[in-house]
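Enquirer: Chain by chain, the residues:
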Amino acid sequence: MRTDSPLLSVRDLVVKYRAGSERGDILTAVSGVSFDIDAGSIFGLVGESGSGKTSLAHSIMQLLPPAAGEILFHGEDLAHMNAASRQKTRRNIQLVFQDPLASLSPRRSILQSLIEPLDHFRIDANRQRHARVCRVLETVGLERDLLQRFPHELSGGQRQRVALARALVTEPELIIADEAVSSLDVSVQARIIELVLELRQQRGIAFLFIAHDLAVIQQLADRVGVMYLGKMIEIAPANRLFHHAAHPYTRSLLEAVPVPDPAHGKPVVLQGEPPSALNPPAGCAFHTRCPRAVEQCRVVEPPEEQINETGEKRTTHNVRCHLWQE
Amino acid sequence: MSNAVLSVRNLSVSLQTGPGQARVVDRLSFSLHGGEVLGLVGESGCGKSITAAALMGLVPPMAGIVKADEIMLGGKNLAQLDETSLRRVRGSEISMIFQEPLTALDPVFSIGSHLSTVIRRHRGENRRQAKRSSVEMLERVGMADARRIMQSYPHQLSGGMRQRVMIAMAMACRPEVLIADEPTTALDVTTQAQVLEQLRELGQSFGTAILLITHDLGVVAQTCDRALIMYCGRIVEEAPVEALFKAPTHPYTAGLLAAVPRISSAGIQRVRAIPGLAPHPAALPDGCHFADRCARADKQCRILTPEMQAVERQKSIHRHACHHPLSYPSSFTSHAD
Amino acid sequence: MKTAPGHTWFKLRQDRVGLLGLAIVAVFFLLSLGVLFGWLGQGWSVADGGRWEPASVNHWLGTNLLGQDIFQRAVFSTRTAFEIGLVVSLLSTLLGALLGALAGWYNGKPGQSWVDGSILWLMGVLDSIPFYLFVAAVAYALQGWPWAMHVAMIATFWTTTGRLVRAEVMRIKSREFVLSARTIGLPSPLILFRHVLPNTQHILLVQATIVFVAAIKTEVILSFLGLGVQDGVSWGLMLAESTQEVLAGHFNNFLAASLMLFVLLLGFNLLADALQDAFDPRQASL
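Residue numbers (our numbering), protein chains in the order written: chain A, 1 to 326; chain B, 1 to 337; chain C, 1 to 286.
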């Protein structure tokens, strides 16, 4: 599945939106983010609330227009596509949301929700659409008799699997999962994680997996990016990130996750409040909470620097920090 | 271990749902000891939140029927108190904090107003005294600019700050028991760690026992002394946290632990899902509710409901309700020894 | 419960008072059907009795000033009432739903929010015109056309529904299932009709019942003003006629009309309250 050019390429993306009714209330949700996703790979995007990860996902899905930068799919810029290419891209990139109850239309049956994309994209002849829906249900491990039910009759795990089925029904090349397992019970979450790995293995579907839970990310991702207040502050192959994280924020995230093992030490608490996206701090956005901040951090925004020796773009480890060498 | 500040015997709650009567809490019995943090752990729908509501007497009579032999708190049986007496007990001897602080705080009242109201109602202080006590409480929960916070309104604060205000309100009257229902689920990981630390510290210094309700096993491991594992309205295992994680005896607990992803430095440990689905509360099977998903289940499990059995291990009591519990490794030694 | 409507029906079944309201409305509806099919109340205009006859076997409630049978007239009026009520409530609710949905959907959309702006402006203008002035103007312009009254009512009653639907649509459109439809690339009108509007059902149903009541009450006043029903009889007309009769000491006309009116409106109001409770998602049982 490895070709030289990435499936999805995001270059210097900037996304803004109007946060209030005043003229000056423009919030820069994403300020200059770049990364690539290869076909058949899983990219983990980590960030807490306010990091801009959801705006990034919405931008890739063409729900929010970029203020600057490019989003390239198969090398073609989304913003400059003609209508036909744009529709084709919509088929090929699908999104799964966090709250499965909210993402399925409450007054439409499961069958209706699953067939809608097929009808819209005119996939298959009419008669074969039902068969396709049944096949995709089987893939996610659900029974056929669910088709007649409505979303509120299903459990959280079943709903999320329906949402995943809906994303799969058009046979996309890339699925964006925005906090797709965050509201699920642990055992259901484990099943979805298994499912995502199976889908990648058997069908070569690439994933942009957005989550705040680093433990979940470690189960899935080949490459990981960490966002803080709209910037990608660290990006690296997964095993490098988890063993040699360079950015203080990444390290605090790793240390803050409560470990299900009482013998492990207590999580290290990060002091201070998360900054507001409407009024970002000068210099490095993390300096207000960083245990190692120095004068330079308060004034100069750190540039993105590569910290490992590799020529291959897909295995670089980049960080935005003045102090990464120490 | 000090003696029990809260003692619950045979608490049951039945709800009237569309399909029929649902036994969402089934003869729950447990004790909470002074100064400890007891975790009540389970997945969604297991009945843990209803248990909390039932303990506080907050289940509306139209919605559900609550029965209990006893809910002993400070010599009083809460199960037999009327609403007026319960109101006196709530907030002063037993209080509760919820998952989503934004909806638990009235948006038109300032933080100071919220705090002072609680303090004046239960401690009988006058306005000036209450104000001072409020500022003190806010500082106790780690709010740097307490005076400014007093004037602020709920929507002006972040999620973590609001949750700390909730803790301040709940602890203002030095209650015997605090019930925390998923207090950090809606918060970021970095904020979560702060809030949990605050909670635990405050509990220690005020001598308040905390019943921490959560589905997050990481939170249990880091914050609780003991834990109760709930499944389909019943407690299936009860143990000190260390024993629970190192050597669980109930297959469900073991299944949960195997499904939790952990960050590891030595290769990835793949999570394993528990097969099957939890039964609907209105259609619970006979015998052990977990039998259909359990690799160790046999005919007996589907007919006879397993009763709680207690085992003493390393000077503490470990309880489980299982016909075929997992064996306790003889090599296990507790760090507490 | 299997479906969302099933759940609502389940809640409704438990509301005794609401069921009473439903029963009352059903009875009246059957009466009106009876009139429509020609089985009842056909003799409403026949003046075969003496003036102000008391109740008798021929005329169950006696006769009015012109010797017409009061009972027949009262029964026939049920059909008039339902006709006005149904036409006005259905059409004004539809109009309100459509315009409200458009306004809510295009609100805040750069370049297209003029749609919202203009609909809001229209609502403001219509709400500012004194209602009876407006009706008089429409009645005059349409010169005795029997539907003039209906048009006037529809043109003003839609605004409340419109505002409610607009607010609800603004709430719904940021929910994830709408985003999901947008990510597939479904065009806006399709999303509005298939995903958004059906989720305003609860508002529409309750509004329809409220407007039904308002329409009937309005007709009473219009009849007093001579702008009401032109070709037929209604309780409003009967009440208007009866003002003089009451002065002469004959109450049958007045009582018949006002009792029928009162009972039907009471039934509808009870039903509307029960529907509102049944649809309220926050009152859903655990």
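Simulated from the structure, these hints should not be mistaken for lab results. Here a beta-carbon is modelled for each residue, glycine too, at the ideal position from N, C-alpha and C. Some hints here could point you the wrong way.
Stated by the list, open to error - In the DSSO-like style, the derived pairs of lysine-lysine whose C-alpha atoms are separated by at most 27 Å in a straight line are:
(1) B:Lys131 with B:Lys76
(2) B:Lys246 with A:Lys266
(3) B:Lys131 with A:Lys266
(4) A:Lys266 with A:Lys313
(5) C:Lys109 with A:Lys88
(6) C:Lys217 with A:Lys16
Stated by the list, open to error - Ranges of calculated distance between the beta carbons of each label pair, as one might list FRET restraints:
(7) A:Ser34 with C:Asp273: 57 to 65 Å
(8) A:Ser34 with C:Pro198: 50 to 58 Å
(9) B:Gln309 with A:Leu278: 15 to 23 Å
(10) B:His280 with C:Lys217: 28 to 36 Å
(11) B:Ala295 with A:Asn279: 49 to 57 Å
(12) B:Pro60 with C:Ala23: 27 to 35 Å
(13) B:Glu201 with A:His243: 44 to 52 Å
(14) B:Gly75 with C:Val17: 39 to 47 Å
(15) B:Arg88 with A:Ala282: 33 to 41 Å
(16) A:Glu273 with C:Gly111: 51 to 59 Å
(17) C:Leu142 with A:Leu278: 36 to 44 Å
(18) A:His243 with B:Asp298: 43 to 51 Å
(19) A:His152 with C:Gly111: 57 to 65 Å
(20) C:Gln14 with A:His152: 16 to 24 Å
Enquirer: Indicate, hint by hint, whether the structure satisfies it.
Expert: Results for each hint:
1. Distance restraint check for Lys131 of chain B and Lys76 of chain B: the Cα-Cα separation of roughly 31 Å exceeds the 27 Å cut-off, and the hinted pair is therefore not satisfied.
2. Taking the CA atoms of Lys246 of chain B and Lys266 of chain A, the gap is about 17 Å. The hint holds against a cut of 27 Å.
3. Distance hint between Lys131 of chain B and Lys266 of chain A is unfulfilled; the C-alpha atoms sit about 34 Å from each other, more than 27 Å.
4. Of the supplied pair hints, the one linking Lys266 of chain A and Lys313 of chain A is violated, its CA atoms being roughly 37 Å apart against a limit of 27 Å.
5. Restraint check for Lys109 of chain C and Lys88 of chain A: satisfied, since their Cα atoms lie roughly 25 Å apart, inside the 27 Å limit.
6. Note on Lys217 of chain C and Lys16 of chain A: the hinted pairing is violated, with a Cα-Cα distance of about 52 Å set against a maximum of 27 Å.
7. For Ser34 of chain A paired with Asp273 of chain C, a C-beta distance near 58 Å keeps the hint of 57 to 65 Å intact.
8. Distance hint check: the CB atoms of Ser34 of chain A and Pro198 of chain C are about 42 Å apart, inconsistent with the given range 50 to 58 Å.
9. Between Gln309 of chain B and Leu278 of chain A the Cβ separation comes to about 58 Å, which falls outside the hinted range of 15 to 23 Å.
10. Restraint check, His280 of chain B to Lys217 of chain C: a C-beta distance of roughly 48 Å breaks the suggested window 28 to 36 Å.
11. Look at Ala295 of chain B against Asn279 of chain A: about 55 Å separates their beta carbons, and that is inside 49 to 57 Å.
12. Between Pro60 of chain B and Ala23 of chain C the Cβ separation comes to about 29 Å, which falls inside the hinted range of 27 to 35 Å.
13. At about 32 Å, the CB distance of Glu201 of chain B to His243 of chain A disagrees with the hint of 44 to 52 Å.
14. Against the hinted window of 39 to 47 Å, the Cβ-Cβ separation of Gly75 of chain B and Val17 of chain C comes to about 45 Å, which satisfies the hint.
15. One distance hint, 33 to 41 Å for the beta-carbon pair Arg88 of chain B and Ala282 of chain A, is violated here, with the actual separation near 53 Å.
16. Separation of Glu273 of chain A from Gly111 of chain C is about 37 Å and departs from the stated range, judged on CB atoms against 51 to 59 Å.
17. Between Leu142 of chain C and Leu278 of chain A the C-beta distance comes to about 56 Å, which lies outside the given range of 36 to 44 Å.
18. Taken as a hint, the range 43 to 51 Å holds for the pair His243 of chain A and Asp298 of chain B, whose Cβ atoms sit roughly 45 Å apart.
19. Checked against the hint of 57 to 65 Å, the pair His152 of chain A and Gly111 of chain C fails, with Cβ atoms roughly 36 Å apart.
20. Between Gln14 of chain C and His152 of chain A the C-beta distance comes to about 19 Å, which sits within the given range of 16 to 24 Å.
Figure legend: structure checked against the earlier numbered hints; hints not met, in rising order: 1, 3, 4, 6, 8, 9, 10, 13, 15, 16, 17 and 19.
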